[in-house]
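For the record, the sequence lines run as chains A and B. Counted the way full-length UniProt numbering counts, the first sequence spans residues 1 to 330. Counted the way full-length UniProt numbering counts, the second sequence spans residues 1 to 465.
Quick caveat, the hints were computed from the structure, so don't treat them as lab data. Among the hints, erroneous ones may be present.
Okay, derived cross-link-like pairs now, EDC-like style, lysine to aspartate or glutamate, Cα gap no bigger than 20 Å in a straight line [said to hold, decoys possible]:
#1 A/K170 with B/E210
#2 B/K438 with B/E210
#3 B/K204 with B/E181
#4 B/K446 with A/D93
Nothing here was measured: the structure is a model prediction, and the numbers come from that model.
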Amino acid sequence: MQHRSKLTRWKERGSLRFPFFLLMKGVDLIRTERSRRTLAFYLMVSPWVVVFAFFGLYPLFYGLYLSFTNFIGFNIDRLRLVGLQNYKNVFSDTDAIYSLGRTIYIAIVYVPIGTAVGLLLALLLNRSIRGMGIYRTIFYLPSIVPLVSVGLMFRFLYADKDGIINTILKFFHLPALNWLGYDYATLSLVIMLVWGAGGGILINLAGLKGISRDYYEASSIDGASSFQKFFRITLPLMTPVIFFNLIMGFIGALQMYIQPILLTGTRLLDPPIRPNYFYAVHAFQQVFAFQRFAYGMALLWIMFVVILLLTILIFTTSRYWVHYETDQEG
Amino acid sequence: MKKKGYLLLGLIMAVGLTACGNNKSGSETNSPVKEGNESQQASPSDKGGKDADPIVVRFNINNDEISTEQIKQFEDDNPGIKIQREDTDATKLAAQLATGEAPDIIRISGVNDTPSYVIRGIAMDLTPFIQKSSIIREDDLGPATNVFRFDGKVQGQGPIYGIPKDWSPDYTVWYNKKLFEAAGVPIPDASQPMTWKELFELSKKLTITEGDTIKQFGLGILGKSEADLPWLMTYLLSKGVTLSSSDFSSIDYDKPEVKEGLGLWVDAVKANVGPNQINQDKAAWGGEIFLTDRAAMMLSGYWFSGLLRNDEHTKTHLDDFGMLPAPIAEGGKRVSPTGSATGAIINKATKHPEETWKVYEWYFGGKLAEERAKGGWGVPAMKHLVEMLPQTTEFDKQAFKVLQGELNYSNDVLEVNPYLLNGDALLKKHLTPVYFGKSMLDEAMKQLNKDASTLLKEGMSAAQK
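Excised from the complex, chain A in its bound form (with noise of 0.2 Å):
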């Protein structure tokens, strides 16, 4: 209480006094051990927490005190107060309900799959054959191929009627079919996906290292099958790394914006085709096509929305799910 009323004196008798004020009660804290360490480490998170506020957070609440403006590129000295004008637009926007309804779509259909398969390569790479080390980097490889080249191959690979994959299916007296169109164009977009799920094969190897061989010595003393080690020990004792990998999973795949413009488009600005329209893109072609910044600000706020409820739900149901054998021990 003393030191509050210190505080507000040296406040009340003048801004020029109040920063010497700070400095010597700074003096003041580093005479201690503790408050050296307490001054180490806010010097040593310091560099991050300025970049952070500035190039994180400000940005961060300034687009959402956009959102409730008429910003729409070129009025920023004029800016007038909307309300939740914008917002209210959102549910009102047929391409913003659809894209939103395509984007939940790709991420059901395509987050369980590349979890699955990214499971099933780390399970084949965890054995003990020759040349492991060299399976282990075809397949992760994918995911460190840039994106940009991924888009550009798989175009080509699904190009018009003489592209690669419909080349083969001709050889075999199949169909030649439009990949890219309006039919198929999720499916190749989701191909394209899985093709680089090969990134959750470290954190999957991880885990799969991570499970003690007694579980696997004692069920097989038990006689248990491969599916029942699997099913009974590798599958429960994964979840975690489950778990992890469809959160960041959905996450990722709600943010999706390049992949779909890559397959079909040739800038940044041209729209992918329909079933492919995901909320991302619509935010982005809503800022920088049609320059509704604020409008873009609220897609994204209410996207924000939406990740932040499923996340929410997805922890939700990991108690019924997802066995953490610390718990089970504690």
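Since chain A is already given, all that's left is putting chain B on it; use the hints.
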């Protein structure tokens, strides 16, 4: 302890900020050149010790439209000015405009962008500069400059906000004689325009398929062979139909003439007359297939003759190519407008208008304009340069003759609603499901009206002072 911690954090951040501030001011003081967006105090007209520092004029233009040698020559002749060329990038420019960081000279499409840049207060009125200039004279400016005029209500009237680099009546048709022969189709008469319907019918006849494979396309255009907004407005100009109300507050795509014009394109796309989303041909634009003898016709302006003269594959047999007048709408009047007229405006926020104008005048007038005219890459903005267009070979003569005829019909300006930014993207978005048979034109036009109406409302509301 917590309180002390917060206090310390505040102190550290304050120190950090002070350090950042010092650093910034230090770098500004030591900066060798002044940026175009610096404060007014940095102007060369200032009296002080910085007079020797050159002014940097940021010029938004593509790499292939200005050479480093040309820039160097300008800088040698004008030691007080440096040109910083910046690539055109619509996304980046949108962000720069929103944050007040846009270049001093901004490359735009005169037809599509001028009214919107004027209404948004970005374009500077160049009329006073032109009136004082001995290089660019107002009475020498050709009809395409009118697309850079806007009086707040009518495009084509009022102050001049820009000058085209060069321009073309953009809906003329180029043909490849050999591919017409391959399809057994006679070349149309170059003295009379076809109707658009005739052009699309001709394109279908010229499209040759073998099984699933398209061996020869009938028609290429500047992008995928699908409808775009400038084409629609050209069609409507011929029909004498407008879409926007006089105050731009509303727009109506749900008109029979719109559906008639777009219906021609929907049929053409379904007939695969050119690369499109259905056939997924890898060509990014029609030029790719026309220059490689895969398309019999190309819908493009006079500037395309420059490409034909310079392309490695076509320049050896130019006599195989020729130009036809721009088609007209069925029952419509003859028009041959420019669909773009690429040029530039000067950013009203530039801190160095005189130096920026000097760069502008140098690029859009004088020697560089003459060089562009001699290359035949487009019709010069200034009338006295038109005679410099190539007229040596038979190919040159044929194209020049057709062009002369077209120039008589190039005075009309395409209708553009300044509050509807990127109406082209909006149109294409709604047409795609129609091409794939997933929607009907009626439904697409209703949706287009709804979207356009929202954009107009927001645009007009934001423009109110």
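Hint by hint, here is what the structure shows:
1. For the proposed pair A/K170 and B/E210, the alpha carbon gap of about 15 Å is at most 20 Å, so the pair holds.
2. Only pairs whose Cα atoms come within 20 Å are accepted, and B/K438 paired with B/E210 is rejected, the gap being roughly 27 Å.
3. Among the hinted pairs, B/K204 with B/E181 is consistent with the structure: their alpha-carbon atoms are about 15 Å apart, no more than 20 Å.
4. Among the hinted pairs, B/K446 with A/D93 is consistent with the structure: their alpha-carbon atoms are about 14 Å apart, no more than 20 Å.
When the structure is compared with the earlier hints, a violation turns up for hint 2 alone.
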